[in-house]
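Number of protein chains: 2
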Amino acid sequence: MATTENELTAEVIASFNRTTDPRLKEIMQSLVKHIHSFAKEVRLSDEEWMFAIEFLTATGKMCSDVRQEFILLSDTLGLSSLVDLINHAKGDERATEPTILGPFHVQNSPVLKYGDSIIQRTLDIGEPALVRGRVVDVNGKPIAGALLDVWQTDANGLYDIQESTEVSGNLRGIFHSRDDGGYAFQTIRPVPYPIPDDGPVGKMLRLVNRHPWRAAHIHAIVSAPGYRSVTTHIFDEDSKYLDSDTVFGVKGSLIKKFLPQSDGTLLLEYDFVLVQE
Amino acid sequence: MATTENELTAEVIASFNRTTDPRLKEIMQSLVKHIHSFAKEVRLSDEEWMFAIEFLTATGKMCSDVRQEFILLSDTLGLSSLVDLINHAKGDERATEPTILGPFHVQNSPVLKYGDSIIQRTLDIGEPALVRGRVVDVNGKPIAGALLDVWQTDANGLYDIQESTEVSGNLRGIFHSRDDGGYAFQTIRPVPYPIPDDGPVGKMLRLVNRHPWRAAHIHAIVSAPGYRSVTTHIFDEDSKYLDSDTVFGVKGSLIKKFLPQSDGTLLLEYDFVLVQE
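Residue numbers (my numbering), protein chains in the order written: chain A, 20 to 296; chain B, 20 to 296.
Bound conformation, chain A alone:
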């Protein structure tokens, strides 16, 4: 029966001593220690505690099949990027840097062929662009048959699954690299977009004077047998918000330029570099 704050923390930590799984025990005891340290450091008031309870409850209530508000919370607190960094440190200087997955990846995107377009409907806005490059190993050797899973928003800043009139698979595609490692697809230039901000996380961002915008990017997961797969983005060098991406996903090596071509379209070239397992 604790009478001081530190005795209480010790008592709570000890209550997890009989956890059979050593990893679970380690996580729970560290979690208690750090949550208690936070509450003690800021001298959390009753009202602030209740605000937090209500915030977390509203965040849970906002979650649905197509909305993961807790992932948005983790993203905007930098936790998603931190977990990414903990588990997917670049390792080899030459390899493509990873960044966060985000909540908009879906399974079973359309399987397409070299040079195909991932556009499944036309909004008559957006700049046509060709994205191409190679999948190679750290020595520049082509990797044939690598799988590229790419996805991005439409020119209105929405992913297909966010739209009420969803065109399934719009601006998503699965490609396999050619024998020379090459891949290519037609798309439109990605645009900056706000993360969904009509829920508790949006309210939090407004309260702290942060904007909800992400810098323009194309998502990619690139994998090949014998190689470590990489989950990453390609960012548009001319995008706004590269320095204040609201989910802390930007890395310098992932920023590339869309180059104007003589036919009025844009070209972005990017090689994905994988590390052998």
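Hints may be right or wrong, so weigh each one.
One copy or two, either will do: identical chains are not told apart, so a pair holds if it fits within one copy or between any two.
No more than 27 Å apart at the CA atoms, straight line, and that leaves these computed lysine-lysine pairs for DSSO-like [unchecked claim]:
no.	residue 1	residue 2
1	132	275
2	44	259
3	160	132
4	222	80
5	222	44
6	160	276
7	259	276
8	59	44
9	259	275
What the hints contain is simulated information worked out from the structure, not anything from laboratory work.
Please arrange chain B on chain A, whose structure you already have, making use of the hints.
What follows is chain B alone, placed relative to chain A:
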């Protein structure tokens, strides 16, 4: 654009620099620091992060008008007791110690008179008991007209609002102390009960080999004009779980004995001691 874990944490903390409310800024920056410290200390994996996202989502989904799963989570992690200790430290050695409110308090309990029973239905189980005492100041001077709001479970271990066939106001009552500070009410002896454990928090307790039980207690909020109100429990000295109350609410000074009387009933005497504001 951070390339190391500590750079990332610093970048996220800095993103809250433009928060207008200095208290909110302090809280958010401390929260980020401690959440990041936790993730870095345990080297949180992608799978563990996703487990946490799903756990928090399920916790939110479990919340309803009559169930607050996030409060149960806070309780079982000792955070509720810690916040209580931070904000309601005893201060005066002679004053009644506070403990947590818990999720089962309701507004507008029946207003009753000295000596009335708070029992509104009879289960034919449970030991009849009289609870009585005085509300006094730290010098033992009676406080007349103090307001006592008391509530407890029935002999089946359930609060009225937890029952499908709810008898509203059963085992709840609001009393005013007499001119001599005296209060008294008829009730049944409280029993240990498990916190609701059919949700994510119950699953967590099972995973860490902790039981869900609380030691037997009667809740009370005691207030009077000119005095600091106290939210507390009276614990039954003969109860199980006094040493392992699952929400860390027990304090030694709050444990009292139900004394057998010649008529076969029990008597518990407790004086509430309030501090002047």
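Tested hints:
1. 132 x 275: Answer is within: at 23 Å inside a copy they meet the 27 Å cutoff, but 77 Å across does not.
2. 44 x 259: between (44 Å within a copy, 25 Å between copies)
3. 160 x 132: within (22 Å within a copy, 88 Å between copies)
4. 222 x 80: both (15 Å within a copy, 20 Å between copies)
5. 222 x 44: between (34 Å within a copy, 15 Å between copies)
6. 160 x 276: Close inside one copy (24 Å), not across copies (80 Å); limit 27 Å.
7. 259 x 276: Intra 13 Å, inter 69 Å, cutoff 27 Å: intra-copy only.
8. 59 x 44: both (22 Å within a copy, 16 Å between copies)
9. 259 x 275: within (13 Å within a copy, 66 Å between copies)
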